[in-house]
Amino acid sequence: MTEPHFGAGSSGGSFGTGTFRPGTFTPAPGRGSLGRMLLAQARTETVLTLRNGEQILLTVLIPVALLVVMSLMDVIPVPEPRVGSATARILALAVISSAFTGQAIALGFDRRYGVLKRLAATALPRWLLVAGRVAAALAVVAVQVLIIGVTALFMGWQLPSVTGVLWAFVLIVLGTLSFGALGVLLGGALRAEIVLALANIVWFVLLLIGGVALGADSLPTWLATVVDALPSAALALALHDAVVDGAAPSLGHVAVLVVWGVVAGALATRTTKLG
Amino acid sequence: MRHALGFRVVSPHPQHPAVEVSGLVKRYGSTVAVNGLDLTLETGTVLALLGPNGAGKTTTVEVCEGFRAADGGVVRVLGLDPRRDGDKLRPRIGVMPQGGGGYPGVRADEMLRLVAACAANPLDPAWLLDVLGLSSSVRTPYKRLSGGQQQRLSLACALVGRPELVFLDEPTAGMDPQARRLVWELVSALRADGVTVLLTTHLMDEAEALADHVVIVDAGRVVAQGSPVELTAHHADDRQLRFRARPGLELTLLRDALPEGMQVREASRGTYLVQGHIDPQVLSTVTSWCAQQGVLAEELTVAKRSLEDVFLELTGRELRS
Numbered sequence: 001m002t003e004p005h006f007g008a009g010s011s012g013g014s015f016g017t018g019t020f021r022p023g024t025f026t027p028a029p030g031r032g033s034l035g036r037m038l039l040a041q042a043r044t045e046t047v048l049t050l051r052n053g054e055q056i057l058l059t060v061l062i063p064v065a066l067l068v069v070m071s072l073m074d075v076i077p078v079p080e081p082r083v084g085s086a087t088a089r090i091l092a093l094a095v096i097s098s099a100f101t102g103q104a105i106a107l108g109f110d111r112r113y114g115v116l117k118r119l120a121a122t123a124l125p126r127w128l129l130v131a132g133r134v135a136a137a138l139a140v141v142a143v144q145v146l147i148i149g150v151t152a153l154f155m156g157w158q159l160p161s162v163t164g165v166l167w168a169f170v171l172i173v174l175g176t177l178s179f180g181a182l183g184v185l186l187g188g189a190l191r192a193e194i195v196l197a198l199a200n201i202v203w204f205v206l207l208l209i210g211g212v213a214l215g216a217d218s219l220p221t222w223l224a225t226v227v228d229a230l231p232s233a234a235l236a237l238a239l240h241d242a243v244v245d246g247a248a249p250s251l252g253h254v255a256v257l258v259v260w261g262v263v264a265g266a267l268a269t270r271t272t273k274l275g
Numbered sequence: 001m002r003h004a005l006g007f008r009v010v011s012p013h014p015q016h017p018a019v020e021v022s023g024l025v026k027r028y029g030s031t032v033a034v035n036g037l038d039l040t041l042e043t044g045t046v047l048a049l050l051g052p053n054g055a056g057k058t059t060t061v062e063v064c065e066g067f068r069a070a071d072g073g074v075v076r077v078l079g080l081d082p083r084r085d086g087d088k089l090r091p092r093i094g095v096m097p098q099g100g101g102g103y104p105g106v107r108a109d110e111m112l113r114l115v116a117a118c119a120a121n122p123l124d125p126a127w128l129l130d131v132l133g134l135s136s137s138v139r140t141p142y143k144r145l146s147g148g149q150q151q152r153l154s155l156a157c158a159l160v161g162r163p164e165l166v167f168l169d170e171p172t173a174g175m176d177p178q179a180r181r182l183v184w185e186l187v188s189a190l191r192a193d194g195v196t197v198l199l200t201t202h203l204m205d206e207a208e209a210l211a212d213h214v215v216i217v218d219a220g221r222v223v224a225q226g227s228p229v230e231l232t233a234h235h236a237d238d239r240q241l242r243f244r245a246r247p248g249l250e251l252t253l254l255r256d257a258l259p260e261g262m263q264v265r266e267a268s269r270g271t272y273l274v275q276g277h278i279d280p281q282v283l284s285t286v287t288s289w290c291a292q293q294g295v296l297a298e299e300l301t302v303a304k305r306s307l308e309d310v311f312l313e314l315t316g317r318e319l320r321s
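One line per chain: the protein sequences are A and B, in this order. According to my numbering, the residues represented by the first sequence are 1 to 275, in order. According to my numbering, the residues represented by the second sequence are 1 to 321, in order.
It should be emphasised that the hints constitute simulated quantities derived from the structure, not laboratory data. Ideal Cβ placement from N, Cα and C applies to all residues, glycine included.
Label-pair distances were calculated between CB atoms; the ranges are:
#1 B:Gly174 to A:Asp245: 54 to 62 Å
#2 A:Trp127 to B:Ala126: 24 to 32 Å
#3 A:Val150 to B:Ser135: 33 to 41 Å
#4 A:Trp127 to B:Thr31: 27 to 35 Å
Produce the complete structure using the sequences and hints provided.
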């Protein structure tokens with residue numbers, strides 16, 4: 001059946017043993033279904049993140065360890081109820097870790113290894129390339145929230161009202177989108193090593209004085225005004241309202257998150273490079 | 001019309017060449033990478049863009065793929081504008097970017113399955129990985145694959161969607177001889193199955209072996225084009241006889257024995273070159289002279305000039321460097 005066949009160019013001659021049956025590569029082009037493409041890309045990127053040890057350390061292990069420390073030990077001033085307040089802040093940290101720092105670093109190295117160009121050369125429309133990344137980021141955040149939520153419940157956290165849970169859900173999605181846009185802005189423009197350094201430094205600064213580990217009220221007044229305008233503080237405070245008080249967050253915090261996300265997203269569409 | 005395998009056979013568009021580039025100009029800052037380049041790739045044929053590094057090959061290919069906007073000229077790929085109609089064009093083409101491309105942590109099968117999911121009628125990824133000798137390293141993350149393995153995966157990604165037109169940018173760079181031979185076989189199989197191929201290379205034997213049409217580029221311009229036979233048989237007389245012997249032979253007697261107009265020289269240490277109208281008589285004269293000198297001529301060959309010679313003649317530069 002498998003006839004050796006050489007359709008070589010003019011002076012190609014014959015080489016090797018023909019392993020390709022005629023018709024093997026007969027063109028049959030076409031785009032896959034949008035749903036299948038989206039699923040395939042989101043699944044691949046989710047699996048890659050969850051398999052990456054450094055990402056797990058950053059997005060799961062450190063937040064869970066901090067949650068335990070903040071709940072049990074009085075090293076960081078946390079308002080009562082302790083576990084609830086700590087949970088709100090750690091959920092914000094988890095979103096920053098994966099949507100911003102993790103996303104920026106992954107994007108920096110994905111560009112280095114040419115995957116964006118590789119995918120952009122397939123039938124994937126550009127908007128789907130972005131959608132797949134967003135879906136993967138949301139999937140990873142869902143895993144983080146599950147692990148942190150279960151840990152918090154073990155530490156004695158009481159689930160808030162349905163309103164609180166729904167708001168927490170909305171805020172986590174909004175936070176993922178806003179910080180994801182910031183992560184893409186950083187990871188899409190600079191060299192991978194610089195992205196790696198900056199994304200970690202920003203993470204650490206936001207954790208310490210961005211209203212995450214410490215509330216803005218524990219910071220000097222001049223700093224607190226700045227911190228209030230940061231998306232990290234806005235997300236942590238908004239989540240506090242939802243997770244601890246079971247209430248709708250203040251409009252100001254939501255607005256801060258939206259503005260950062262929209263501005264970062266608009267800039268990123270201009271600055272992001274494929275390679 | 002339906003093919004035996006049940007897939008739609010894409011009818012060629014006789015009115016359009018698969019790729020048509022005219023007057024392409026591309027600048028990076030003050031550097032002119034491509035300077036008024038023209039080329040035509042007929043459907044179902046293989047075209048090799050041959051030239052040294054920095055000749056503008058990759059830039060030309062990336063403009064055709066829609067990755068870069070041209071600064072001047074007209075580019076039509078499958079009758080489409082690759083920038084404006086990219087979403088229509090990309091499902092129909094297969095692309096092997098220079099240096100490959102993959103998530104640093106992705107495994108070969110995950111990457112190929114992802115690209116396969118973007119196509120309507122993909123080839124079987126497992127079969128393709130096997131053909132390209134990647135089955136034994138499917139667990140290895142992309143960043144730990146060798147350069148040659150990354151190239152083979154990239155080639156698989158270019159072919160998996162059963163494209164009608166394939167762009168292969170330096171497809172054998174970093175590959176060992178076996179892998180190179182496999183790529184050559186693949187390109188031949190693609191051509192036989194009616195796939196149009198545009199490849200770039202700086203290896204003349206590759207262009208000579210694979211391409212129906214060779215376009216030699218240098219400094220962003222086309223310096224010559226034609227079939228390998230046309231390019232190398234420009235002067236039918238211009239064959240050369242080459243042999244190896246001990247270095248430093250005295251060539252005066254040989255020169256005197258050969259017909260008028262023939263050139264004899266020691267091209268490099270121990271390699272002798274006779275150029276001009278090489279006929280059986282000339283061959284006999286050379287071997288008699290060797291016998292008189294008590295010299296055993298090794299690796300004695302009579303050959304047409306190669307693409308390398310053509311290139312050297314046109315640009316005064318070595319192709320490989």
